[in-house]
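J.: So the chains spell out like this:
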Amino acid sequence: MTPATRAAPTQAPALRTHQLGKRYGRTWGLRDCTLAVPAGAVVGLVGPNGAGKSTLLQLVIGLLDPTEGHVQVFGQTSRAHRAVTLGRVSYVAQDHPLYRDFSVADMFHLGRAMNPAWDQRLADQRMASLGIPLKRKVKALSGGQQAQVALAMALAKRAPLLVLDEPVASLDPVARLEFMGGLMAAVADRELTAIISSHVVTELERVCDWVIVLSGGAVRAAGPVDDLIAAHRLLTGPRTAPHDGVPGVIHRADSHRHSTLVVRIGPGDPAMHPAWQAQPVGFEQLVLAYLQGHSAPLPGQDPHVERPVVPVPGTVAR
Amino acid sequence: MTWVTWRQHRGQAAVSLAVLAGLAVTLLLVSAPMRQAFSQDGIARCLAADPQAGSCQNTIGTFLSTWGFTYNQALVALLIIPGLIGVIIGAPLLGRELEQGTWRMAWSQTVPRTRWLITKLALVTAGLVALGVGMTLVFTWYRTPMDQLTGHFTYAAFDFEGLSLTASLLCAFAFAVLAGLIARRTIAAMVAAFIPWLAIRGLADFVLRQRYQPPLTEHLPASTHVLFGPNTTSMTGHLGDWVLSATQTPAYVSVTYQPASRFWDFQLIEAGMYLTLATAALATAVWLLRRRAA
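Residue numbers (the working numbering), protein chains in the order written: chain A, 18 to 335; chain B, 12 to 305.
Honestly, the hints are just simulated from the structure, not real lab data.
Keep in mind that the hints are not guaranteed to be accurate.
Unchecked claim - Derived pair list, reagent style DSS-like, types lysine-lysine, alpha-carbon separation capped at 30 Å:
1) A:Lys-154 - B:Lys-131
2) A:Lys-152 - B:Lys-131
3) A:Lys-156 - B:Lys-131
Quantities reported herein were computed from a predicted structural model and do not represent experimental measurements.
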């Protein structure tokens with residue numbers, strides 16, 4: 018894993034949200050979302066379908082206005098439909114939509130016409146290196162090539178924050194690898210901050226150094242991946258063992274004889290109950306624990322009052 | 012944005028030009044023998060002298076029976092043409108973007124979506140005005156001989172000449188743009204826009220038009236032959252007057268009519284109605300697009 022922050026610590030966070038909420042009619046698509054993502058982070062946004070991922074992304078890129086709270090991108094508040102907001106963020110939408118009867122060159126012409134900071138050379142070079150002819154119509158391209166065209170458009174827009182909504186969900190495994198490889202190289206080259214949403218946790222584990230776990234419209238955990246892993250343990254013990262005395266239980270899974278707990282260990286962690294054996298926790302296991310833990314409220318924790326939101330960077334004990 | 016709009020609509024522009032050219036050629040071919048007959052029969056001379064004279068009545072009657080229905084009243088079948096063109100071009104403008112998901116790409120570029128929509132609407136509307144005016148000129152030229160005999164108040168004339176055609180075309184377009192935004196589907200939006208457009212067109216043609224201004228009433232001699240509608244030999248004695256009703260009494264015939272001279276007033280009123288509806292629909296679309304939860 019790369020360090021969570023590559024940029025100077027004085028720089029404003031790439032993304033800061035404060036008690037952000039979006040209501041659709043009577044239901045909240047996202048509520049009480051407070052985050053600070055440092056510049057240079059590659060963020061995995063994880064959650065089941067309907068968790069609020071797209072809502073959060075659309076609030077960030079300026080396609081939606083929040084019902085409450087606010088979003089800041091590099092210190093400036095995002096407002097929907099404003100050119101300044103739209104220009105700061107590049108967006109690759111789910112299924113990377115393009116005009117099917119346009120050629121690749123036409124799509125780039127559109128990008129140039131609609132974005133003042135457009136980098137034509139960057140777009141053309143990416144196509145040349147991938148062997149995608151500029152004259153070819155979008156509908157004649159494979160899904161992987163279409164995704165690459167969409168990514169090239171997002172990069173050529175030259176915005177400091179790159180947002181990708183389920184970028185590889187519709188791609189075959191080889192195209193997935195190629196796409197993520199190209200994405201990572203571009204992010205590293207240009208020192209971009211990237212937010213990648215996915216419901217496939219393993220897809221993100223390889224590329225992300227930051228993670229936001231979202232479910233039911235609320236943030237369940239957020240922080241640098243390394244810090245989160247360091248701050249949690251996987252406990253195993255006999256099924257009969259009580260976990261009342263164990264602090265910070267995120268999720269409990271019971272098998273025939275054994276139980277496993279994912280727990281958060283605080284600073285100055287007390288000794289565990291002797292019945293439990295502690296192990297380091299894996300990325301996927303941790304994310305799943307937060308996603309599943311949400312469905313069964315933990316004792317003493319009213320999910321509407323106190324959510325197990327994991328602290329912002331710097332406050333996590335190692 | 013001009014280029015983007017052109018790139019997205021150039022296919023429609025080419026098809027529209029082809030339709031206009033096809034229409035012009037067809038009407039030119041049909042019109043040639045009609046114009047020849049018009050001059051050979053000496054109808055212009057007849058009209059200049061006394062159209063009510065017996066011999067002239069026969070000449071004009073023959074001309075109308077030969078060319079009137081087939082080549083002019085048949086135009087009534089084309090009354091829905093402006094509506095069809097309008098919805099075919101209007102419905103995909105937002106409907107297809109929403110249907111195919113390309114709005115997420117289009118609206119996340121630096122140009123805000125409101126400006127994107129307003130630019131597209133302005134340019135496409137300009138194109139439609141050009142198309143409407145072109146069609147109007149072609150139809151008006153085609154109908155010149157007939158208009159001299161029947162005036163402009165027949166459905167086949169009023170709806171194709173002046174401002175009505177272009178204005179009703181824009182109205183259908185605007186309805187379809189709004190329907191596309193609400194229905195989020197192209198075909199559904201075409202249907203949803205065409206039905207109200209057709210209802211308004213029917214209402215305008217068959218109910219409202221005769222009431223745009225209060226009709227005139229005149230008392231004619233009891234011997235006057237009662238004849239309704241806009242006709243060559245209108246019972247009022249003025250070519251092109253639109254007779255709405257006539258009441259026979261022993262002493263006289265009371266006739267209610269719209270005089271032919273009101274043609275342009277009525278065109279302005281009808282175009283104003285269509286354009287008001289079009290503006291309202293487009294303004295609603297822009298407003299909805301702004302506040303719609305993406």
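J.: The structure should be examined with respect to each hint, and the outcome stated for every one.
T.: Hints and how they fare:
1. The hinted pair formed by Lys-154 of chain A and Lys-131 of chain B meets the criterion: a straight-line CA distance of about 23 Å does not exceed 30 Å.
2. Taken as a hint, the Lys-152 of chain A and Lys-131 of chain B pair is honoured in the structure, with Cα atoms around 25 Å apart against an allowance of 30 Å.
3. For the given pair, Lys-156 of chain A sits about 24 Å from Lys-131 of chain B by alpha-carbon distance, which is consistent with the 30 Å threshold.
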